[in-house]
Structure formats: C-alpha cells, structure tokens
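**Q** Listed below are the residues making up each chain.
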Amino acid sequence: MNLKKSRNFGESSMSLDGIGKQDAGDTKRKRKVAEITQALNATPVDVATLRRMAISEGGLMSHEIRRKVWPRLLNVPDESIPEKLDEVDRENNKDYNQVLLDVQRSLRRFPPGMPDEQRMGLQEELIDIILRVLQKNPQLHYYQGYHDIVVTFLLVLGERLATALVEKLSTHHLRDFMDPTMDNTKHILNYLMPIIERVNPEVYDFMQQAEVGTIFALSWLITWFGHVLSDFRHVVRLYDFFLACHPLMPIYFAAVIVLYREEEVLDCECDMAMMHHLLSQIPQDLPYETLISRAGDLFVQFPPSELAKGATRERAQQTAASTFTDFDLASAQQQPETVLRRRQREQKQQQKQHGSTLNPQSGTVSVIRPAARRLVRLAVMGITVALGAAALAVVNSALEWAPKLDLLFP
Amino acid sequence: MANEAHGRGEGAGLASNSLELSTSLERSVQTRIFKIIVIGDSNVGKTCLTFRFTGGSFPDKTEATIGVDFREKAVEIEGERIKVQVWDTAGQERFRKSMVEHYYRNVHAVVFVYDVTKMVSFENLKTWIQECNGHRVSASVPRVLVGNKCDLVDQIQVPSNMALKFADAHNMLLFETSAKDPKESQNVDSIFMCLACRLKAQKSLIYWNVEREDGKVRLNQEPDPKTNCPC
Ligand SMILES: Nc1nc2c(ncn2[C@@H]2O[C@H](COP(=O)(O)OP(=O)(O)OP(=O)(O)O)[C@@H](O)[C@H]2O)c(=O)[nH]1
Ligand SMILES: [Mg+2]
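Chains as they are written, first to last, in full-length UniProt numbering: chain A, 1 to 410; chain B, 1 to 231.
The shape of chain B in the complex, shown without the other chains (with noise of 0.2 Å):
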C-alpha cells in the first residue's frame, strides 16, 4: 500500500544506480500535475469512471464514497509526462458543504457528472454549477459535462440534445459515455486527456519546483493566463 502510494509513475521503482536515480529525480522535478475534481450527485458513477481512468477497469464493487477519494494516473501528451490527479467527492448532500471544500482549492479542471437514466440527477447540476462558483472555482477553469451510464440503452431519460443545450449554455464539452462498457474505455479515457490536453496548453500549471530545506521537498505552485485549446 505505502509503496503504491510513493510509486509516482514507472521512474520511481526503477532507479537501481545513483544516476538513474538523478535523472528520474529530474524528471519528477519536471511533471506537472493537473488536478481535476469529480462531482455530481450520489450513484451517477463518479467512483467507476475515475476508477475506469485511473485503474483501466470498471470495478465489480464500488462502494458510497465518503469525503473525498485520491487517484492518479501519468500520462503523456505530446512527449510530455503530466501528472493527473482525480478527486473522487462523495454525492450525497451533506458532505459537499463543509467536507469537500478543502479539495476544490486549486483544482485546474471540474468534471461534472450525471447519470442519463436519472433525470433527477441532470436536474441537480444546477445545483452542482452553483456549488462549484460557490467554492471560488475561477471562471477560466475548464468544466465538462458526463452523462453517464450510456450503455443502459433502453433507460435513457436525458435526451442527447437536452444535455447539448445545457453543456453549450453553461460553456463545457460534453461527453456521453459509459464506465462499464469496455467499447467505451478510450471515451472515458478521452474526457480526462482532454482536459489535460487543453490545461498543457495554458501555461499556466504546476510544475514541481523544488527546494531542499532540511532534506524535504517543497511545491510551489505558479498560476499563469492561460492559452487556447487544442481539442
């Protein structure tokens, strides 16, 4: 467990000589992190699409988040290694208040997900929007909208068009896809490349500065305007 959690990438358990070990050092110094939060409400499947991007598979038992869950995954956009971070955040109501608040700091991205069999919960993302201006989630942050569960073909309650107007009224991309489909994997895996691929062109994000002070490591953080997006 420990080691999974120091494992950043495959750099980390390979440095066998002193320099590997340098030049994986280095390399970390220089991955940015994207963070990006996950909300929406409770059961629309936030759990198993981070899960799906983050581990490759749809996970058999998902059980209700409580607080807020970390997973990560490096990836690679143009030659480049970044760091996305994902955070799982619990849908019932009563955690988003006081609990979650603390992760919506500096998130670079906001996913917001619905279930396409539940109307109720494409109904609440107004609720969600709010939620998330609430936390001070600057404007020029990046949001897209998921409807999920899409391969529940004959349950469909959110029509496709419905979900267009609201996704280009509130200015996000919007995806349909499904966790649990495997034909759907590189779609979910699209929405998160996506958004990391229109936050590596805002220059704006984190790289790893690092200072040595008493053998630890430091992070300073560094926002910037940002640019446009590839996608």
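Same shape as in the complex, but just chain A (with noise of 0.2 Å):
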C-alpha cells in the first residue's frame, strides 16, 4: 500500500500501445482527434461515433478532449450546467464527517509535484462536489471510494462540470453503491465468478476451492479502479471505457484482471488470505488496451442479462443495473429510480396476488453457472479480438441486438 509509485499527471498523451513507429502513432492520433471533433460538431452530436472513440485504443487521448467528450458520454451538455453552484451546507450534512476524514486521506491522488496549496484548494472543491451531490440527491449514501471517483472527475473537468457529472453518474452507473445498504454492491460483485468460470474453469475451480470471495474486487468496482491504480494516466483511460460502457463493465474488467493472472492464480497458495492478497495487488503494468477489448469481447459473449438469469433473478431485478438493457450501452436510460419504484410496485401487486410472500433476499448467493456453456467460444469472439472493443456497435448490430446507441438521457 505504501509502497505505489507516484503518478504522473498531465495531459501528456497516452502512447498507443501496439503501434511500434511514433509517426505511425501520429498519424493515427491526429486521424482519431479529427474523427472526434467532427463527431462534436455535427448536429445533433455524434454520441455514437464518441462512445466508440472512447472505448478504441488509446480512449480520448487528452484531458482537453475529455473536457468535451465525457459530458456527452453522460449526456449533459455543457449548456445545460448552470453557471453558479450550489451553496454547499457542510455543517448539517450527515455525511460530511466520513467525506472530511477520507478527502484528507486523499493526498496520493494528487499529482505528486502539485503545490500544496494548490491540492489543499482542490480537496476543498472535491468534498463541495461531494457534499452539493449528496444533498440534492438524499437518495443517495456515501461511500468511502466515492471520493476516488470523484476526484478523478474533478482534476480532469473542474468543478463545475465535475459536479454536473457525477450527480448524473451517481444516479446512474454509481447508484447501486449509493443504497443506504451494499447488498446491491455485493450482488454485483456476484457476477465476477460467472465470467471467470465461463472463460478458464480450471482458475474459477481453483478461486472457489480457496474460498477467496471476490472482496478482493470491491475497491476495483466502486472506484471504477481510481483507488488501486496509481498512474492517473491509466486511471482516466479507463474512465474512457467504462463512461462510453455499461455500468457493469467495471466487473468485466475485473474478471479480465484475474484471468490476465491466471498463471499467478494457479502457483498461489490455494488459501483465502494468500489469494486474496495476490489479487487485491494489482501489477502496475497491465496491458491496458488488450485488456479493455478483451472485457469489450466478453461483455459481448456473457451479457448481464444471461449471467443474471436464474437464481439470482430477483435479486438482480434491483439493481440500478438491471434497469440499463446489455446493449444500450447505458444511453437510452429512464431514471433507474423510476424503474426500480415501478418495480417494487409490480412485485407488491403481484404478491398481493398470489398471496405469497417472496423474499427479496433470496437467491443472493451466486449467479446462475451454467456448465453447459464453459468454455464454449462464441464465433463473435474472433471478431471482436480483431475489431477491438471499439466495434461492439458494429457487432451488436451484426447480430440483431438493436443497439440504441442514438437516443439520449431522457
């Protein structure tokens, strides 16, 4: 813990990876920043050519960039932010305490050169956007890690656009990790063993045998990896990726970490501590691109949808998650809230009904393994190594799911 490299900071551009010739890289670069600059300029704006361009290699390549793109990825349009914040009521804040403690803990996120002066002045902003978020939203409960988003969002966008951003975020991707309780959180971290076991059974044998659990995971998915990875440079790509995504992406990507390891999976010691421990420490070198198409290529095989499908069913149906449909790539959205009240009503009429009481909490445990589809390589997984993720709207459509990459946050 102690141990991590400092980070580098700046808008310094990501190196391609995969491209050898810097003027190969170049071109490529200059071709994907008119690409993305066309696509923002068109009318109405090209959300659908943005979305690809942040999952593509090399994801938005600058802060500049991302300054444009990411509040179209969320759908709120600079215009639509109001000019003047909120009035920040810190003192009668239930979670101020907690914030305080954690923002003061912050300082690794910082680039590590900043003035402190300069840092002290952010981490004020940074619990502001925290707090502004929270009392306009009451629905929804810190968490510690929440801060590592948020920081993330404000050293790249500011204040103002950070606040607009992650208030959208935390009403969406985010809010199954905002319920008074984790048990969504933990259910979604339920989904982690089904990837595994469908792509190496002999790994996911192995977890199970030592009885890691997948606590491991939770800082990776409830900071969308900002808390373990300490280049911010990785931290913002792959802020690229899960923007422009699903909000279940980050669990695939998790699942795409461990299976990365697998040999080092296999040589630990089959014990919990040991594992856990081997996994919780993330390698600082990841080979980031490959890793983002590979989560792309098996969101593509294993939707949600059919991970989520028996046991774990009702429980599933509660997730703010489950209100983004596999290939909307968390565009199309209706309010999650409104859907899950929709949905609680549903299930009440309908136990009034039958007369039975269902209960919420069963079927927490696992997510539905069906060993019928172990190791079973879908034809699409060639296609998308090939194409990288950047074309999971191209082969969505290919194979008639009706990707609705163009419509908008209501």
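If you are wondering where the hints come from, they were derived from the structure by calculation, not from laboratory data. Accuracy of the hints is not assured; some may be wrong.
Simulated pairs of lysine-lysine, DSS-like, Cα-Cα distance not exceeding 27 Å [as the list claims (entries may be wrong)]:
1) A:LYS136 with A:LYS168
2) B:LYS61 with A:LYS94
3) B:LYS97 with A:LYS94
To be clear about the criterion: a stretch of chain A counts as covered by chain B if any three or more of its residues have a C-beta under 8 Å from a C-beta of chain B, and this derived list gives those stretches [to be verified]:
4) 149-163
5) 205-219
6) 269-278
This structure is a prediction, so every number in the text was calculated from the model and none was measured. Glycine included, C-beta positions come from ideal geometry on N, C-alpha and C.
Fit chain to chain and form the complex, with the hints in mind.
**A** Here it is as structure tokens:
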C-alpha cells in the first residue's frame, strides 16, 4: 500500500500501445482527433461515434478532449449546466465527517509535484462536490471510495463540470453502490466469478476451492479502479471506457484482470488469505488496451442479462444496473430510480395477487453458472478481438441486438 | 508485487538447491498461522497500526480502507516460527454488515481499536462488540482493546481508567499506544505478540497439513480446546 509509485499527472498523450513507429502513432492519433472533432460538431452531436472513440485504442487521449466528450457520453451538455454552483451546507450534512476524513487522506490522488496550497484548494472543492451531490439527492449515500471517483472528475474537468457529471453518474452508473446498504454492490460482485468460470474453469475452480471470495475486487468496482491504480493516465483511460459502456463493465474488466493473471493465480497457494493478497495487489504495468478490448469481448459473449438468469433474478431486478439493457451502452436510460420504483410496485401487486411472500433476499448467493456454456467460444470472439472492443456497436447490430446508441438520456 | 505475495518469510527466496528446498518446505509445513482481525471506527488508525506491526514504520500517507486489506508477518515465539496474518478492515458502517463477514470466519483473535482523542470511537465499541458477536466469533477467541493516538497527549478525551473498566468488563486486555510515535513501536508489536503468545499456548491452531493433490497444496484446519495464556 505504501509502496505505490507516484503518479504522473498531466495531459501527456497516451502512447497507443501496439504501434511501433512514432509516425504511425501520430497519424493514427491525428485521425482520431479529427474524427472526434467532427462528431462533436455534428448536429445532433454524434454520440455513437464518441462512444466508439472512448472505447477504442488509446481512448480519448487528452484531458482537453475529455472535457468536451465526457459530458456528451453522459448526456450532460455543457450549456445545460448552470454557471453558479449550489451552496453547500457542510455542518448539516450527515456524511460530512466521513467525507472529510477520506478527502484528507486522499493525498495520493493528487499529482506529486502539485504545490500544497493548490492541492488543499482542490481538496476543498472535492468535499463540496461530494456534499452538493448528496444534499441534492437524499436517496444517495456516501461510501468510502466515492471520493476516489469524484477526484478523477475534478482533476480532469474542474469543479463546475465535475459536479454536473458526478451527479449524473451517481444516479446512474454508481447508483447501486450508493444504496443505504451494500447488498446491491455485493450482488454485482457476484457477477465476477461466473464470468471467470465461463472463460477459464480451472482458474474458477481453484479460486472457489481457496474460498477467496470477491472482496478483493470491491475497491476496483466501486472506485472504477481509481483507488488502486497509481498512474493517473491509466485511471482516465479506464474512465473513458467505462463512461462509454454499460454500468457493469467494471466487473467485466475486473474479471479480465484476474484472467490475465491466470498463471500467478494457479501458482498461488490455495488459501484464502494468500490469494486475496495476490489478487488485491494490482500489477501496475497491465496491458490496458488489450484488457479493455478483452472486457468488451466478454461483455458481448456473456452479457449481464445472461449471467443474471435464474437464481439471482429477483435480486438482480433490484439493482439499478439491471435497468440498463445490455446493449444500450447506457445511453437510452430511464432514471433507474423510476424503473426500480415501478418494479417494486409491480412486485407488491403480484404478491398480493398470489398471496405469497416473495423473499427479495433469496437467491442472492451466486449468479447462475450453466456448465453447458463453459468454454464455448462464440464466433463473435474472433470478430471482436480483431476489431477491438471499439467494434462493439458494429458487432451488436450484426448480431441483431438492437443497440439504441443514438437515443439519449430522458 | 507477485513475489511479495509468494514470499513466505525468509525461507522462500533462499532455496537454491533441492536439499534446501525440501527443508524450507518442511519448515513451511509446520508454520502455524494466526489470523487476527482488526476492527473499529473509521480513522482510528487501524491501517497505521497494522502497518506499524507488519511493515515496521508509520505510513506517512494512508488512505481510507475499502473492504479488507491483508498484511502478514512472520514472528518467532519461543523458538517457533509463527505467521501472523492481519486483516485490516474498513471502518465505515456500510462495509461492516455484508462485506466484512467473510473475514470473521476462523479468526483466532480480534483487535478492537478506538482513538483516544475521539470519545465517539470509544462509545462505538459497544456496536463493534455486537458486530463481532453477530458474526459468531466464539467467546473463547481472545480479544484485545487498543486505544490509539496516545502521542496526542493534549487532546485525549478517553481517560485510561474508563477504558480499563470497559476492557475488564469485556474480558479484554487494554493497550494504550500510538502507531505514530516511534518510541511506542515496541508497544504496538507487543499487542500482536501478546496475542500470538496467547494463541501459541492454545494447542488448537492451524497447522499446515499438506496433502498433495494434483500437485497443489491443500490446507486443513483443526480447532482444538485451549490452554492458558502466558501473558
Ligand atoms: N497522531 C497520530 N495520528 C495517527 C496515529 N495513527 C493513525 N493516525 C492518523 O489517523 C488517520 C487515520 O489513520 P488510518 O490508519 O488510515 O485509519 P483507519 O482506522 O484505518 O481508517 P479506515 O480505513 O477509514 O477505517 C491518518 O491520518 C493517520 O495518519 C497515531 O498513533 N497518532
Ligand atoms: Mg484503514
């Protein structure tokens, strides 16, 4: 924990890995910038292209581009954001104490060379953003780790934009983590092992035998890896990806990391403590582009709706993530809140009709794991690997899953 | 990183020929493991204390613990090498119920931490004890109470005698210490060593029962009745 390398901060361009020659990289980069600019200038803004750009190799490349594209990915256009930020009532906020403690201890999230004074100013802004979102949305509850997400937005976007985007994110992608309890978070963690099982049953069996659990991935999931990666460039690259995707994509990415470390896992002692220890230490030199593309592939092969079939259906239905359909790529959403309330009503009505007491907690233990699907590699695997995850949208329509990429948030 | 995870004390990296390898394997087979869980409110210094014990220093920058962190240290007690595994847990309430559960299983000792400069963290110990009992930690599992941040002498809110009374009432040993003050580092060690000592006296603890199975090592645990603590 203490050994983390200091992060490099800044606008420095991502090196597009896999490209040997500097020139080739430059050309590719320029082409991408042009494509992004064109998508931004289109009327209406070409969000589908922006999504593809955010997912594909190298992501959005610079903070300057992120400042323009992230708001579009979340459908919070700059002009819709008020100039003046709400006042923050720190003293009357139930979460203020915890937020303060966590932000004070978040020194490592700031660029190492930053003068103390500037950092302290940003920490104050960080507290304000968090409290502002919480006081405006009393249904949301603060969790340790939320600050790791918000700080990323603050450093890239500045306070005003960050506030608006974090609010949208909190009521959509992060909604499940912000429940009064962590039951839904736990449920989402339950998607991890079934993904691993389908790709590599040996790793799965070994991990099950060790009873390692899934808590090693908890901080990955609820901070979108912001808590565990020390190089800020990797963090924002992942955020490009996650912002463009389904809210469950971080769990696919977590699975991909475990699978990438297959050999280490199988070499580890079959013991909960040793394996937890091994897995929770994320290697800092992961091949991010490859892993992103792989996570995209797995998502196409084993979409959440399929993983959630059966045993945990009822629980799954209570998560906000389940209000996103697999291939909307989080664009065409009704407020999860509204959908969940409607479902609850319907469920109650059903119960009344059937006179049965449906226990909502039942079946929370594991996501169904149909052995039949083990090791089945769909043809699509080849296609998406070749095209990279960027091709998600293309592949989707090829498979006649209807992606509603151009629909916007209501 | 991976090496660190595999490095089981000094034995692991040194084995250079097969003879050494087999002796080091034998040794690891007999190493007993003590699992200790550290709980208490957020910011009382659980991470700092466990780091002080396993890493030997005060971390200059800690971060909020999310979920559960694991640290371990090999110690020697009366000539026996013992591995102490410390589970450092998150203090925020929402993590307690569903998340930390898994880690209460088979613990050999519980360390309750409060911050001597924060009365609330002391008052909340009641909930932590309930929490612990709720996870079916047996009454025979030793528990110690640690008042941390004693270096902040002019901010102390929890008087020693109050803490002592509480500790007595709950059949716990009390340590007042500081993860920060280097002069106290021995004291921090002694918390864990004392527990280890006490556990050693219980014949009960886990041995590494090695059964070769497809070339993989499997572990068995055998709980047994306990004997007295020498501390
Ligand atoms: N003065 C002083 N400060 C300490 C001591 N121990 C910890 N701290 C400080 O207290 C703060 C919290 O320490 P942590 O170890 O992160 O607290 P924690 O109990 O692990 O908190 P959570 O992970 O949120 O549950 C940090 O800012 C530490 O520097 C101590 O002995 N003396
Ligand atoms: Mg901690």
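**Q** Determine which of the earlier numbered hints do not hold for this structure and return their numbers in increasing order.
**A** Failing hint: just 4.
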